[in-house]
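What follows is each chain in one-letter form.
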Amino acid sequence: MKSNADIKVELSQISTLIENIEVKINYSAPTGYFNTLPDIIKQKIKHQNNSIDNIFDSTDYLNKSELKNKTFVAPENYFSSLPNNILDKVSDRIKTKHYFGGRLLFSYSMAAVIIILIGLILFYNLPHKFVLTNNKSNNLVITNETKKINLNENIDEELDKINELDALEYLKENGHDINAALVASLTENSGMPDEVDYLYDNETLNNYIDKIK
Amino acid sequence: MPDFPDDSELVFQFKNGSQKEMAFTSIIKKYQEKLYGLIRRMLISHDDTNDVLQNVFIKVWNNLDSFREESQLYTWLYKIATNESFNFLEKRKKNRYYSLVDHETDLINKIKADDSFDGNKIEWKLQLAIQKLPEKQKIVFNLRYYEEMPYDVMSKVLETSAGALKASYHHAIKKIETFLTSE
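Which chain is which? The protein sequence lines are A and B, in order. First residue of the first sequence: 1, per our numbering; consecutive thereafter. First residue of the second sequence: 1001, per our numbering; consecutive thereafter.
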C-alpha cells in the first residue's frame, strides 16, 4: 500500500479537528480468536463438502441412483394403486363429458324452440308489409284475408266476403283461365267437371269442347 | 506477524491441487486480522463480524480457482468483505426484530457496551459520529482513514470512480466534524 503522507495532507486540508485525533480505535477480537479461525473455517468447508460427498461419492452406480431416488419417497402402495386411480379418473372424465354433451344438446334444442316461438309471435304481430317481401297489393289483400280466415276459422264465410271482381283479377293475374271457368259455371251438365276444376287446369275445357264438337 | 508468500504465489499454490489447503491457510492467516478490522468497523459486534468473516473465507475457497490474476488478491478479498458486510446489514435491516430497533441506535449501543468505551474521549466520540453516516460513506471513510487505502485501489474494491470516492470522503469528514463540534 502507498505511503499515507498524501492521506494525512488530504485530511488536514478538510478537517484539522479530525486530523488531530491521535488515537485510532481498533476493536479487539477475543483472545486466541485468530489462532483458531483458520481451522474453524476449514472444518466448515469440509463439512460442507462432506454433506455433498456423502450423497454422490459412492462408486456403485446402482447405489447412486438408489440414493437419488430416495430423495423423494412416494407413500406406501402408491404405485400399486396408481393404475386403478388413473382409470377411475378417466372414467369420471368420460361421464362428465357425456353429461356435458347431453346438456349441450338440450340447450340447443331449447334455443331452437325459443327462436321458433319468437318467429311465430313476430309473424302474427308485425304489420304485414314487413312480412311480405313481394310488394304487390294483391298479396297484401290475400294475406289480410288469410289472417281473417285464420282468426274466424270459417273459410266459406270469408270467401263470401271477397269481392268478385277482386277474385277474378287475382285469378287472372295468377294465370288461371277465367273464361273457361265462367263457361263451365253456366253449363248445366252434370257430366262435366266442376268449374273449380277448370281453375286448376285451363286446358281441360278446351279438351272437353273438342270432344263435344 | 510471520512472513507469508506474496499473493500471486499463494494463488498459484491454491490452484495447484496438492498445495491447495496449505495456501488457503496462509491466505486466512495473512488477511484475517485486516478483514476482521474492516468488517468489525461496519458491524461493531464481534459475533456478527465472526459470521461474516467466516463466510468471506468460505467464498474465497469456493471461488479462488476462477479468480483472474489481473486483479490483486487483497483487492478481491476486500471486495468480498465489503459486499458481505453490506449484504449482512441489508438482511439485518429487513429482519422483523431488528427493524423495530433503529439500526443506528443499535450500533451506537454496541459501541457503548465495549469494555474500553469512554464517552469523554474524542476517539470514541468519533466512533459514535461514524455511525451517523450512510453505509457507503461509512465504508469510504473507514477504508481511507483507518486502512489508508489509495483511491485507485478503493475504486476497484467499491467499483466507484476515484472522483466520487474523494467527494464521498470529503462529505463524510464534514459530517463527522459537524457532529463532533455540536456535542
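Rather than coming from a laboratory, the hints here were simulated on the basis of the structure. There may be inaccurate statements among the hints.
[As the list claims (entries may be wrong)] No farther apart than 30 Å at their CA atoms in a straight line, the calculated lysine-lysine pairs in the DSS-like style are these:
| hint | chain 1 | residue 1 | chain 2 | residue 2 |
| --- | --- | --- | --- | --- |
| 1 | B | Lys1110 | A | Lys46 |
| 2 | B | Lys1156 | B | Lys1112 |
| 3 | B | Lys1175 | B | Lys1112 |
| 4 | A | Lys44 | B | Lys1094 |
| 5 | B | Lys1132 | A | Lys24 |
| 6 | B | Lys1156 | A | Lys8 |
| 7 | B | Lys1020 | A | Lys24 |
| 8 | B | Lys1132 | A | Lys8 |
| 9 | B | Lys1110 | B | Lys1121 |
Hints, verified against the model:
For the proposed pair Lys1110 (chain B) and Lys46 (chain A), the alpha carbon gap of about 33 Å is over 30 Å, so the pair is violated. Proposed proximity of Lys1156 (chain B) and Lys1112 (chain B) is contradicted: the alpha carbons are some 33 Å apart, above 30 Å. Taking the CA atoms of Lys1175 (chain B) and Lys1112 (chain B), the gap is about 21 Å. The hint holds against a cut of 30 Å. At most 30 Å may separate the alpha-carbon atoms for a hinted pair to count; Lys44 (chain A) and Lys1094 (chain B) meet this at roughly 27 Å.
Under the criterion of a C-alpha separation no larger than 30 Å, the hint pairing Lys1132 (chain B) with Lys24 (chain A) is consistent with the structure, at around 18 Å. Only pairs whose Cα atoms come within 30 Å are accepted, and Lys1156 (chain B) paired with Lys8 (chain A) is accepted, the gap being roughly 22 Å. Of the supplied pair hints, the one linking Lys1020 (chain B) and Lys24 (chain A) is violated, its CA atoms being roughly 36 Å apart against a limit of 30 Å. Of the pairs offered as hints, the one joining Lys1132 (chain B) and Lys8 (chain A) holds, with about 23 Å between alpha carbons and a cut-off of 30 Å not exceeded.
At roughly 17 Å between alpha-carbon atoms, Lys1110 (chain B) and Lys1121 (chain B) fall within 30 Å of each other, so this suggested pair holds.
Taken one by one, the earlier hints fail for this structure at numbers 1, 2, 7, listed in ascending order.
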